[in-house]
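Number of protein chains: 2
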Amino acid sequence: MATTSREIRLKSRPTGMPEASNFELASVELMDPAPGEVLVRNSWMSVDPYMRGRMYDRPSYVPPFELGKALQGGAVGRVVKSNDPKFQPGDLVESMFGWREAFVAPGGALNKLPTTEVPPQAYLGVLGMPGMTAYSSFHRIGEPKAGETVFVSGAAGAVGSVVCQNAKIRGCTVVASAGTDEKLEWLKSVGVDHVINYKTTESLVKALQAAAPKGIDIYFDNVGGEHLEAALEAARPFARFIECGMISMYNDTGISPGPRNMVYIVGKRIKMQGFIVSDFADMRGEFYREMSEWVRQGRVKWQETVENGIDRAPQAFLNLFTGANTGKMLVKLD
Amino acid sequence: MATTSREIRLKSRPTGMPEASNFELASVELMDPAPGEVLVRNSWMSVDPYMRGRMYDRPSYVPPFELGKALQGGAVGRVVKSNDPKFQPGDLVESMFGWREAFVAPGGALNKLPTTEVPPQAYLGVLGMPGMTAYSSFHRIGEPKAGETVFVSGAAGAVGSVVCQNAKIRGCTVVASAGTDEKLEWLKSVGVDHVINYKTTESLVKALQAAAPKGIDIYFDNVGGEHLEAALEAARPFARFIECGMISMYNDTGISPGPRNMVYIVGKRIKMQGFIVSDFADMRGEFYREMSEWVRQGRVKWQETVENGIDRAPQAFLNLFTGANTGKMLVKLD
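Protein chains in written order, with my numbering: chain Z, 1 to 334; chain W, 1 to 334.
Honestly, the hints are just simulated from the structure, not real lab data. Note that the coordinates shown come from a computational prediction; the quantities given were computed from them, not determined experimentally. The beta-carbon is built from N, C-alpha and C at its ideal position, and this holds for glycine as well. Mixed in with the good hints, there may be bad ones.
As the list claims (entries may be wrong) - Which residues of chain Z face chain W? A few of them, derived with a C-beta cut under 7 Å, are: (1) LEU92; (2) GLU243; (3) GLY245; (4) MET246; (5) MET249; (6) PRO257; (7) GLY258; (8) ILE265; (9) GLY267; (10) PHE275.
Let the sequences and hints guide you as you build the complete structure.
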C-alpha cells in the first residue's frame, strides 16, 4: 500500500539571495518498507543557514544539493511502519532526509530519540545540531574561563542563544548582538549582560567598546563582515574567535571586502578557527549529559519561530536571511 | 674615563612609509660601569620589520619607542669593561639596547653567548630572535606532518628562510614567494620545491594553484594582504595559518581591505593564529639544541645583507620595506 508524501526540491541554484522560485513542491508515492527499512512521518523539520552553502555547485565539506531532488536537512518524526526489529510504530526518530512529509529509509540511518519531558522539536535545536554546534565549539575552541568577556553575533539564533547561556553558566560576561529589540529583550531575560542592536547602532565598534570597555576574550562569529571587524578591534590579547558562520556573506554575489584590521591577529595573538559540528563528534556524550541537565534545570532556555506545513519550508528558509526568526526556525508538519 | 658612543634616535613618528628624516644620529658620553654594570661595544645590530609597529604611538604588546631616545633592538657585542663578576672583557654578549655603538648596562640585562664556530651575528638571525620566531611558531602553531604542503610568504627573509628549511627537514613540500629572482634562486638552492615571484606573477592565486594543485596545509604569513587571500583560496581542510607578520600593511595610512574570502575559514576549518616569539619561550632549549645541530650539519643555511656603520642603520631599516634584503638584514659596527 503506497503512502503519499510531499517534498520540497531544489529547482534552480540561487544567485545571491535565494527566492521562492528556486524551490518546488512535488508529490511522491512511497513504497512499503522492505526488510530492514522503516516508514517515518515527520513532525518537525529544521531549516538552517548552513544549507545556503549546499545550494552552490562547488566543492565543500559536504556535496552540493542536487537539482530536482528534495533538500536534505534535519527532521524528527514518528515511525509509522517498521521492518527493522529495532524500531516500533510510534518511536520518535531523528533523521537527515530533509524536507519531506514522510520517507522510507534503512533503520540504520535513523537515530531513536529518548522519551523525556522535552518536546520533540528540541532535538532539532538546543539538544540537536545547533545546540551541539554551540556547545562543542564554545568549549573546544573558545576555552572559556570564568570572568572572561564573550561577544556573540547573531545571538538570538538557534546557535547563538545557546552560546550566550553556556557562557553565563561558565561565569563569563556576555555581550550579544541581534537585529531587533524584541530579540535583545529576550536575550536579556536569559541572562545576557549587554546587548547591541546592530541594525540601529551608529557604530558597531563604538557600541562594542561601550559594552566591553576592557575588550573581549572570546568572539563567537555567526555573521562575519562588520561584526568580525568590530571584534578584531575589541579583541584582548590571546582572544579566541570561534568561526561558526558568516551569514552576512552567504548571499554575496560581488566582492565583499574582508576586515580591514586583520593585522591585529598578529600583535594581539588572536586565534581564529573555523569548524564543522562533526569535527567535535567526540564531545557528543558530554554535550547530551550537560545540556539535558541544563535544560531540565531551566538554565538553558530557547525560543522557536514556527511555520506550518511543508509548503512553507522555502519561506522559513528565506526568513533566516532577513532575521525574521528568534531562536530556532522550524517547520511543523502535523 | 668616558667613552663616546653614537646612537640612532627616533626623531619623529613616521606617517606611512618611514623616511630617513624620522631618525637622527647623536653622540653621547658613557660613564664607566658602576658596580654590577658592564660596558659593551656592539659588533652587529639587528634591524627588523616588527620595529615599525613600535614607531606608532598606540597600545600594543610592547610600548612604543620614545621620541628623542635611541631605538631598541637586538645587538651582539664584546664586553670592554666589567664591574660584574659574571662577565670578563672579551666576552660575547647579546642585548636589546639597540642602535648604539656602545652602552653601559647591568650584567643581568646581558645574555652571554657561547664560543662556537658560528659567527657572532648568527645570534641575531638563525640562532637568534628570527630563528626562534620561525622554529617555535612553525612547530607549535603549524604542527607540520611529513608529506604536507607549506606555503611561506616573504620566504627569503630572516624568518621565512628558516621556516622553509625547517619544513624541508620535517618532510614537507615547500612553496615560497619572494620579490626577486635572485632570492628565489637562493631559496631553490636550499631545497625549496616551488617558487613564486610575487612582483612579476600575473595572479598570485593562479601561481599558488599551479605550485600546489592539491592545496596547502600550512601558510606561514609574513606579508598579509593579497598573499593571505591567495592562501585562503588554496587552503586545504584543517589548514593552519601562522600569522607572523603582515609587512604589506605596516605602512598603510588609508584603509586596506582585508581578504575577500574570509568565509573559507568556516567551511575549510582553518585555524589562523597570531603570536609573538616570547609566547613560546618554553621552546628555547629545544630550539637551541635542534637549530645549532642543523646549522652545524649545514641543513639550515642563511644569507645576510649587511650595511656598515651606525649611520647606515636607518637606511638598512627602510630597505626592509622595499625588499632590498636577502636573508637577515644587519648593521656591522666594527
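Hint by hint, here is what the structure shows:
no., hint, verdict
1, LEU92, "31 Å, violated"
2, GLU243, "5 Å, holds"
3, GLY245, "6 Å, holds"
4, MET246, "5 Å, holds"
5, MET249, "5 Å, holds"
6, PRO257, "4 Å, holds"
7, GLY258, "3 Å, holds"
8, ILE265, "4 Å, holds"
9, GLY267, "5 Å, holds"
10, PHE275, "5 Å, holds"
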